[in-house]
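Given chain W, put chain U in place with the hints provided.
Protein chains in written order, with our numbering: chain W, 292 to 848; chain U, 26 to 338.
No lab work stands behind these hints, which were simulated from the structure alone. This structure is a prediction, so every number in the text was calculated from the model and none was measured. Don't take every hint at face value.
As a list, the in silico BS3-like pairs of lysine-lysine whose alpha-carbon atoms are at most 30 Å apart [what the hints assert, rightly or not]:
#1 U:131 with U:298
#2 U:155 with U:195
#3 U:298 with U:155
#4 U:298 with W:720
#5 W:720 with U:155
#6 U:131 with U:155
Chain residues, written in single-letter form:
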Amino acid sequence: MTDALLAGELPLPPRPDYLHHGSSVWSWLSTTDHKRIAILYAVTITIFFFLGGAAITAVRLELFQPNGWLMTSDSYNKLFSFHGIIMVWFFLVPSIPNTFGNFLLPLMIGAPDVAFPRLNLFSWYLTIAAGAFTVYALVAGGVDTGWTFYTPYSSMFSNTHVFAAAAGVFVVGFASIATGVNFIATTHMLRAPGMTWFRLPLFVWAIYATSLIMVLATPVLAISLLLVIAERVFGLPIFDPARGGDPILFQHLFWFYSHPAVYIMVLPAMGVVSEIIPCFARRRIFGYDFMVYAMLAIAGIGFFVWGHHMFVSGQSPLASLVFSFLSFIIAVPSAIKVFNWTASLYRGQISFESPMLYALGFVGLFTTGGLSGLFLASIPVDVHVTDTYFVVAHFHYIMVGGSVSAFFAGMHFWWPKVTGRRYPESWAKFAAILMYAGFNMTFLPQFFAGYLGMPRRYHTYPAEFQIYNVMSSAGAAVLAVAYLLPLGYLTWSLFYGGKAARNPWGATGLEWTTSSPPPPKNFDWQPRVDRAPYDYHTEGMSAGTDPPEMQNARETQ
Amino acid sequence: MNTLFSLPEASTHAVTVDHIFYLLLALSGATVALVFGLILLFAVRYRRGSKAKRGPMPEILSREFEIGWTLATLLTFAFLFWWASSADLSSLAAPPHALEIHVVAKQWMWKTQHANGAREINALHVPLHKPVHLLMSSQDVIHSFFVPAFRVKQDVVPGRDTDIWFEASKTGTFPLLCAEYCGTNHSAMRGEIVVMRPEDYANWLTRQPEGDDLVHEGARLFVSQGCSGCHAASSNVHAPRLAGLYGRAVQLADGRTVTADDAYLRDSILQSKRDVVAGFEPIMPSFKGLLDDGEIQSLTAFIRSLGEEPPND
Numbered sequence: 292m293t294d295a296l297l298a299g300e301l302p303l304p305p306r307p308d309y310l311h312h313g314s315s316v317w318s319w320l321s322t323t324d325h326k327r328i329a330i331l332y333a334v335t336i337t338i339f340f341f342l343g344g345a346a347i348t349a350v351r352l353e354l355f356q357p358n359g360w361l362m363t364s365d366s367y368n369k370l371f372s373f374h375g376i377i378m379v380w381f382f383l384v385p386s387i388p389n390t391f392g393n394f395l396l397p398l399m400i401g402a403p404d405v406a407f408p409r410l411n412l413f414s415w416y417l418t419i420a421a422g423a424f425t426v427y428a429l430v431a432g433g434v435d436t437g438w439t440f441y442t443p444y445s446s447m448f449s450n451t452h453v454f455a456a457a458a459g460v461f462v463v464g465f466a467s468i469a470t471g472v473n474f475i476a477t478t479h480m481l482r483a484p485g486m487t488w489f490r491l492p493l494f495v496w497a498i499y500a501t502s503l504i505m506v507l508a509t510p511v512l513a514i515s516l517l518l519v520i521a522e523r524v525f526g527l528p529i530f531d532p533a534r535g536g537d538p539i540l541f542q543h544l545f546w547f548y549s550h551p552a553v554y555i556m557v558l559p560a561m562g563v564v565s566e567i568i569p570c571f572a573r574r575r576i577f578g579y580d581f582m583v584y585a586m587l588a589i590a591g592i593g594f595f596v597w598g599h600h601m602f603v604s605g606q607s608p609l610a611s612l613v614f615s616f617l618s619f620i621i622a623v624p625s626a627i628k629v630f631n632w633t634a635s636l637y638r639g640q641i642s643f644e645s646p647m648l649y650a651l652g653f654v655g656l657f658t659t660g661g662l663s664g665l666f667l668a669s670i671p672v673d674v675h676v677t678d679t680y681f682v683v684a685h686f687h688y689i690m691v692g693g694s695v696s697a698f699f700a701g702m703h704f705w706w707p708k709v710t711g712r713r714y715p716e717s718w719a720k721f722a723a724i725l726m727y728a729g730f731n732m733t734f735l736p737q738f739f740a741g742y743l744g745m746p747r748r749y750h751t752y753p754a755e756f757q758i759y760n761v762m763s764s765a766g767a768a769v770l771a772v773a774y775l776l777p778l779g780y781l782t783w784s785l786f787y788g789g790k791a792a793r794n795p796w797g798a799t800g801l802e803w804t805t806s807s808p809p810p811p812k813n814f815d816w817q818p819r820v821d822r823a824p825y826d827y828h829t830e831g832m833s834a835g836t837d838p839p840e841m842q843n844a845r846e847t848q
Numbered sequence: 026m027n028t029l030f031s032l033p034e035a036s037t038h039a040v041t042v043d044h045i046f047y048l049l050l051a052l053s054g055a056t057v058a059l060v061f062g063l064i065l066l067f068a069v070r071y072r073r074g075s076k077a078k079r080g081p082m083p084e085i086l087s088r089e090f091e092i093g094w095t096l097a098t099l100l101t102f103a104f105l106f107w108w109a110s111s112a113d114l115s116s117l118a119a120p121p122h123a124l125e126i127h128v129v130a131k132q133w134m135w136k137t138q139h140a141n142g143a144r145e146i147n148a149l150h151v152p153l154h155k156p157v158h159l160l161m162s163s164q165d166v167i168h169s170f171f172v173p174a175f176r177v178k179q180d181v182v183p184g185r186d187t188d189i190w191f192e193a194s195k196t197g198t199f200p201l202l203c204a205e206y207c208g209t210n211h212s213a214m215r216g217e218i219v220v221m222r223p224e225d226y227a228n229w230l231t232r233q234p235e236g237d238d239l240v241h242e243g244a245r246l247f248v249s250q251g252c253s254g255c256h257a258a259s260s261n262v263h264a265p266r267l268a269g270l271y272g273r274a275v276q277l278a279d280g281r282t283v284t285a286d287d288a289y290l291r292d293s294i295l296q297s298k299r300d301v302v303a304g305f306e307p308i309m310p311s312f313k314g315l316l317d318d319g320e321i322q323s324l325t326a327f328i329r330s331l332g333e334e335p336p337n338d
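Looking at chain W on its own, in the form it has when it is part of the complex (with noise of 0.2 Å):
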């Protein structure tokens, strides 16, 4: 570890943590801190989460039944517009970055805060701005367009609350560029002495690559938006195909922000694992140089694949061959990271911990996740899989088989350092193999509906895909009694919790070396590093050649 530990050590004057510097309502409203920050947009973006899960809650329920038994094919569309749009803004993208990359980017590269705090603050309240928004869109009665918002529907045809929400989305994509821009400068202006750039822990670099697709693609979600606003509101000929207009144009917009955006939401996650998975095999991780690189790879090819969603919108087939080899090019990149936190394993002296089984399970599914979407790279299956339930499996595999799954995993492994308390491990792995399960439940019979012809977004469907629905929303059951459950034993443990210590994992980085919960500014004393990240073992050696105390810190802690 680092001398600042040494140093830690020593007597200090008692001071009080993060979490009773001030206690008022207003002392959390006001707050510049980016633990304090991280704290409230973990609670917002819970509330978001669960609102989306009811809302997909109902749309299961829907398709136990082939022909609607519930709800009018209006109610239908907007819970599944509703549950999109929540989803992938108000959950997915700020998820990791703004709770875990909030909370820890400083604490990981020693810095007392952000660059910017007060910027920080602004971008959650952007953030809840957007959420009146959007919720209001759905209290008004609805938006019935997809997550998508594709014209002309969206800006000539539909009848529902879409200048609410794309108003909403809009919005959000602005608390994502102030992030962005917060967490770059950050990274760039604030590491500690000595902390080199390939120095920094992956899930730094993780965040850092997701801030540059934010801040370079988000402005292209907003002028896309504008343009839908433009026309359904003031009536600007932009995609009406009569006036000179093209809807297609909308897609190209649409895509070259929303693919980026599913790497925003996947790299964090990679970046969580890889974290976790080096502390409980005690291992370096393997390949450091390649996981960077393979992750500025992803984040950079990510900008020219948005294509392979519009193989059959009527693109000329030589756009369609470029964007088909790009796809699979980026692939490459993904299975790299696969095969190192495999690799990773190799002579370890493994352990099997919540948050272990969590980002374990993160691998297996992103595996299955990524392997389907080489199926959509090829452009004829995916001219007869696109559109359909395989996509659906496709896409939930990798953002929430993947990076819910180490959401939960970061939620677990940093959860004593964050509140300061232990949770019932027992539970714990309960609840992630629940998911994991679950999980495979719900979404493995959707790449068989899908191949079979089921398209998504069908209220009513034909009959012989029955059983196939039946089966995912019996695993839909399970998966949200899987969530449930750490909001039950995580919320008891902030109360009847014991106290955690300052290392309980035994983990490399610097924000272990600091208090659980950590002070207000983050460290008593300067902090410095002399070595690379993951220093389990001396470089060249396997798992279990450190000295026994080292091996063993949780138990000693």
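Frame of chain W, contents of chain U only:
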């Protein structure tokens, strides 16, 4: 879609798609087995406190492995791309003598019209073993023509013509679905494709009430909408002649050269000021709002017929 785990391969294209699909499935299965197998193996063998050998890492690990599996995945993916794309390229253009059928999509129905004018709603009868070329347009939002048994799908977009072709290889009735979300009754926008033996198809076709075929309907519109006032050979208004126009390169007033295809004709009718032919005044009025998509298809078919041999009926 008559059995639980299989989907009929009812077109020549379906076989090609399924071959690629099965190869990808095998490859994915192998990769999943490898990754899950290694994770399980390591998890058991290197569980905390196990007696498995650890100690110094073998020299060869790390860089050689990284470069090895990077190259291996790259080559595999390049091969997959090549294979899938060559299948795609060979199925791009419809064969020249394919049976041409027009499709108009609207919220929430499919309207199809055969070459002899016979019309159907939410249904399409096609002959077995004969390439069928669909020319499609939408009257409102984007729809998508999806026949799972044929493994074909194509968005149907307002304001432009898209096309798709297939050759049915099995008789029977197969579902037609709308695959692009198009509003309230999107999921009810379904129909069926009936594949018949060619002689049955011919019989079926003759039993249908004869509408005007597209060319004759177009010829009628050409007069009734006043096009002939300027574009007929006998007219003394200075307007481009249309005989032999289709498929030719046209020099425009602003120096561009375009090919007179369906899209160009549609644009010229609806946005007559956009692509003015060199040497002519921009005097043609726009027919936007006066003609629906079906009528534009008919006019286009008529103009096309002027440049071809006379129809042999």
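Hint by hint, here is what the structure shows:
1. U:131 with U:298: holds, 28 Å
2. U:155 with U:195: holds, 11 Å
3. U:298 with U:155: Between residue 298 of chain U and residue 155 of chain U the Cα gap is close to 40 Å, so the pair fails against 30 Å, i.e. violated.
4. U:298 with W:720: violated, 69 Å
5. W:720 with U:155: violated, 59 Å
6. U:131 with U:155: Status holds; Cα separation ~27 Å.
Hints 3, 4 and 5 from the list above are not met by this structure, while the remaining hints are.
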